[in-house]
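2 protein chains.
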Amino acid sequence: MSTSDWSLPETDVFDRIRTTLEAESEAVLATVIAVEGSAYRRPGAKMLLSPDGPEVGSITAGCLEDEVRALAADVLADGAPRVETWDLTGDDDVWGLGVGCNGVITVLLEPLGESYRPVVDAYRAGETIGVLTVVGGEADAAIGDRTYYRPNDGFEDETFPEAIQDELEAPLGEVIDAGDAETVSIDSSDGNIEVYVEGVRPPPELVVFGSGHDIDPVVKLAKLVDFRVTVVSFRGGQADADRVPRADAVMSASPREVGELRQWDRDTYAVVMSHNFLDDRFALEQLLETPVPYIGLMGPRKRFDEMREEFTEEGRTFTEAELERVYTPIGLSLGGDAPFQIAFSIVAELLAVAHDRTPQHLTQRIGPIHDRIDITPD
Amino acid sequence: MSTSDWSLPETDVFDRIRTTLEAESEAVLATVIAVEGSAYRRPGAKMLLSPDGPEVGSITAGCLEDEVRALAADVLADGAPRVETWDLTGDDDVWGLGVGCNGVITVLLEPLGESYRPVVDAYRAGETIGVLTVVGGEADAAIGDRTYYRPNDGFEDETFPEAIQDELEAPLGEVIDAGDAETVSIDSSDGNIEVYVEGVRPPPELVVFGSGHDIDPVVKLAKLVDFRVTVVSFRGGQADADRVPRADAVMSASPREVGELRQWDRDTYAVVMSHNFLDDRFALEQLLETPVPYIGLMGPRKRFDEMREEFTEEGRTFTEAELERVYTPIGLSLGGDAPFQIAFSIVAELLAVAHDRTPQHLTQRIGPIHDRIDITPD
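From first to last, the protein sequence lines stand for chains F and E.
Quick note: the first sequence uses the UniProt record's numbering, first residue 1, plus one each step.
Quick note: the second sequence uses the UniProt record's numbering, first residue 1, plus one each step.
Do not take every clue at face value.
When chains are identical, the list treats them as one kind, so a pair holds in a single copy or across two.
In silico SDA-like cross-links for lysine to any residue, where the CA-CA straight-line distance does not exceed 25 angstroms [as the list claims (entries may be wrong)]:
1) K302 / L71
2) K302 / S188
3) K302 / D87
4) K302 / R325
5) K302 / V68
6) K302 / L278
7) K302 / D190
8) K302 / R124
9) K302 / A122
10) K302 / R42
11) K302 / Q364
12) K302 / W86
13) K302 / D187
14) K302 / T89
15) K302 / V104
16) K302 / G335
17) K302 / T363
18) K302 / H361
19) K302 / D140
20) K302 / A73
It is worth saying that the hints were derived from the structure and are not from the lab.
Note that this is a predicted model, so its numbers are computed, not measured.
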C-alpha cells in the first residue's frame, strides 16, 4: 500500500468506492465504528481493500491494517459482513499507550455492494445522508442490514423494525448534520440492537476569487485537507485550468454577478484575493448577502475599512454579525511570507472555521481532541 | 512561468541560484529590498530570471513580474545592477488598494555572479550569513557592491568603507539572527549610503521520528513551507526513502541514541510519532536534554503524563521551562481527523512556533501582519 493511497482525502476514498462499485469489482469496505480511549482515527474512517487493486484510505496509523487485510480475505470468501474489535489497551510495553495502537477499536468489514450505492451517490451529488447499519444485538436483524436517513425526507423505507427507527430518529439530525459517526445500543420492543450511525457529509466547498499565481498554493493545500475547490477569475481566461490543475472547477465571471454564480450556503467558504480593490469590493458586497460562514479577504485591515466606507456612502449597511464573517487580514497568524506559507495560514483558518475550532495549541485546549456528540438514547 | 516555479519554497530558489551559478548560465536575480505600505511579499523575496530557463520565485502576487522581466533584459545587456522603485499607491481604482499591487516596492536587479556564491554556499552548509549590498547613496561605492557578515567572524573583509561597516555592525546581529531584511540609510564620514542588509538564514530543520504511513503527509506539508526534513525510523528499514520521497534525509536509529544522532540546536524542531510508548519515551527524554525549541509528541496528554511519571520514578526531573517545549497533544486545534488534516495541524503548529507567533486569527492580531525589526541607526 503506498503512502499516497493511505493518506487519500475522504473525497478520493469515496471516488474509489464508487468506481469499484461501477466496475462491479470485488472489494471489502472496512469502517471504524467505535473507539474507546485514544486513536489516530475516529469512527467513520474508511479503508477499501481490493484483492487485486490498491488499498485506499486508513483506519489506524498502521497498527491494524495487517489484521484487517487478513480478515478482509475471509469476508470476501464467505460474503458475510462482520464486526471485529481489537483491544490494544494492554499494558504491554511494545504496543503500550500508543496512539492508533491504543484504545479499543471496533471495525465493520463488509463486502462492498449495492447497499453502499446510495451513500456514494449522495456524496457525489453534494447531499448529506445518514447511514444506519446493524452491527450487533439480539433483535431480528443481521449484521450489515442497512437503511438511510435523509435530512429532508426521513428514513428511506422501513428496512429496520419501526420501533428501532422511531428510537433513532430524534437524535439523528444533529449527528448527521455534524457529519458525526457513532455506534448506539437500543433497547426496543424488538430487543436490543446495536446500530452504527454515520452522517456522511460531502466535503465543504471553497470558492477562491482571483487569477494570480498565488491562487494555486491555496487550491493545492485546500484539496489535501478535502475541500471541494472552485476558482473564479474576474479576468476572463487568466485563471485557466492549467494554472490551478487541482481545482475541481474553474470559471470566469463578472465581479457583479458573484451572487448569482452558484448556490451559496453554510457549507461554502469564500476566499477573495483578486488583488483588485473594485473587484474584491463587489465580490465582498455580494457575499455578505449570502449565508456563507466565511469570507476571507486578502489585504490589510484598512483596505476592508475603505470598502466599508464605500458601502456606507452608497447607503448599504451590514450588521456586525454579517461583518463578523469577514476575515481580514486573511489567515491564521503563523508567520512566513512565502506563497505556500501564506496559503498555509489561509487554509489553516478555513479548517478551524469549518470545524468550529478556536485556533490554539491543542496543549492549551480543554477537553478531548476530537469533538463528540453523544446520541446514546437514555 | 508556471505556478509551481513561482511558488517554490526558498530552499528551492536558492538551489536554482546555485545550479545556475555552477553552470555559469546568464541570469538576473531580483530581490525586494524595501516595501512601504502593504505588499504580498516582504523584503528578501527573490526571483531568478534566466533568458532561456524558467523563472523561479516571486516578488509580488503578480503585479510587477512583467515589468521586472523587461528590466532584467536590460540588466543582462549592460551588465550593471540597478535599483528600481514602483509606486503602486495611486488612487487609481483598477490597481487600487490591492495587496501586492499596492505600496511602494523597491527591487534590486543584478546579473547573477560570483558575489552571490558565498550566500548560496552558506545556505547550503546550513550557516547563517548577513549580506550587505549597496543600493544607493552618494558615498564612494557602486550599486551592487557587496560584503558579508558572519555571526561568529564579523565582516568578511573591508569591501565597504570602514566607517560604514562600523555603523552597521551594532544592529546586524539581531537582523541576521531573525533572518530579516531591510534597507538602511547611513550617514557616515564618507557621505550618505543606502545599504540593503539581509540575514540569510537556512531553513529550520525538522526531525520526525516514526515509520508509519502517517509520517509522509507531515513531511510533504513541512517541505512545502520550507522545513528541511529528516525522518528517523526506530524500526530499521521500515521508513525507507520510498515511503517519504520528499524527505531530505532518512535514517534508522535506536531510540537510545537520539541524543547523539545529530546536532540539536535552536533551529531544529522534533516531532515524535513512532506510536510506540517506549520508543517515544526514550526519544522524548533525550530531546529534553537538548536545546530544541519544540518537541511535538503525538498522543493524548495522559500518555505524556505516564512518561513523566516514569522519569520521576527513575529519578530524572525536568524543569517546567524544559517541559514547556513539549507540545502534546501535538498540533493546533483545527479539527479533522484525516491523515492530511492531522498533518496540517502539526505543521501549522511548527510554523507558529518557528515564527514565534501566537496562533490566532490575523483579524484578532494587534499590529502589522509582518514582524519588523527597525535597524535604522539614529
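Structure-based check of each hint:
Taking the closest pair of Cα atoms, K302 and L71 never come within 25 angstroms of each other, the shortest separation being 60 angstroms inside a single copy and 32 angstroms across copies. For the homomeric pair K302 and S188, neither the shortest alpha-carbon distance inside one copy (61 angstroms) nor that between copies (38 angstroms) is at most 25 angstroms. Taking identical chains as interchangeable, the C-alpha atoms of K302 and D87 lie at most 25 angstroms apart only when they sit on different chains, with a minimum of 18 angstroms there against 56 angstroms within one chain. In this assembly of identical chains, the alpha carbons of K302 and R325 lie at most 25 angstroms apart only when taken from the same copy (16 angstroms versus 36 angstroms across copies).
In this assembly of identical chains, K302 and V68 lie within 25 angstroms of each other by CA distance neither inside one copy nor across copies; the values are 55 angstroms within and 28 angstroms between. Taking identical chains as interchangeable, the C-alpha atoms of K302 and L278 lie at most 25 angstroms apart only when both belong to the same chain, with a minimum of 14 angstroms there against 52 angstroms between chains. For the homomeric pair K302 and D190, neither the shortest alpha-carbon distance inside one copy (64 angstroms) nor that between copies (41 angstroms) is at most 25 angstroms. Taking the shortest Cα distances, K302 and R124 never come within 25 angstroms of each other, neither inside one copy (40 angstroms) nor across copies (40 angstroms).
In this assembly of identical chains, K302 and A122 lie within 25 angstroms of each other by CA distance neither inside one copy nor across copies; the values are 43 angstroms within and 39 angstroms between. Taking CA atoms no more than 25 angstroms apart as the test, K302 paired with R42 passes between copies only; the shortest distance there is 18 angstroms, against 42 angstroms inside one copy. Proximity of K302 to Q364 under the C-alpha cut-off of 25 angstroms is restricted to the inter-copy arrangement: shortest distance 14 angstroms between copies versus 32 angstroms within a copy. For a Cα distance limit of 25 angstroms, the shortest separation of K302 from W86 across copies, 21 angstroms, qualifies, whereas the shortest one inside one copy, 56 angstroms, does not.
For the homomeric pair K302 and D187, neither the shortest alpha-carbon distance inside one copy (59 angstroms) nor that between copies (34 angstroms) is at most 25 angstroms. When the C-alpha separation of K302 and T89 is checked against a cutoff of 25 angstroms, the pair qualifies only between copies, where the shortest distance is 13 angstroms, while the shortest distance within a copy is 54 angstroms. Taking the closest pair of Cα atoms, K302 and V104 come within 25 angstroms of each other only across two copies (16 angstroms); inside a single copy the shortest separation is 52 angstroms, beyond that limit. Within a single copy, K302 and G335 get their C-alpha atoms as close as 20 angstroms, which meets the 25 angstroms cut-off; across copies the closest is 30 angstroms, which misses it.
Taking the shortest alpha-carbon separations for K302 and T363, only the inter-copy value of 12 angstroms comes in at or below 25 angstroms, while the best intra-copy value is 34 angstroms. Within a single copy, K302 and H361 get their C-alpha atoms only as close as 29 angstroms, which misses the 25 angstroms cut-off; across copies the closest is 16 angstroms, which meets it. In the homo-oligomer, the alpha carbons of K302 and D140 never lie at most 25 angstroms apart, since the shortest distance is 65 angstroms inside one protomer and 41 angstroms across protomers. For the identical chains of this complex, K302 and A73 are neighbours neither inside a copy (62 angstroms) nor across copies (37 angstroms), given an alpha-carbon limit of 25 angstroms.
Checked against the numbered hints above, the structure breaks hints 1, 2, 5, 7, 8, 9, 13, 19 and 20 and satisfies the rest.
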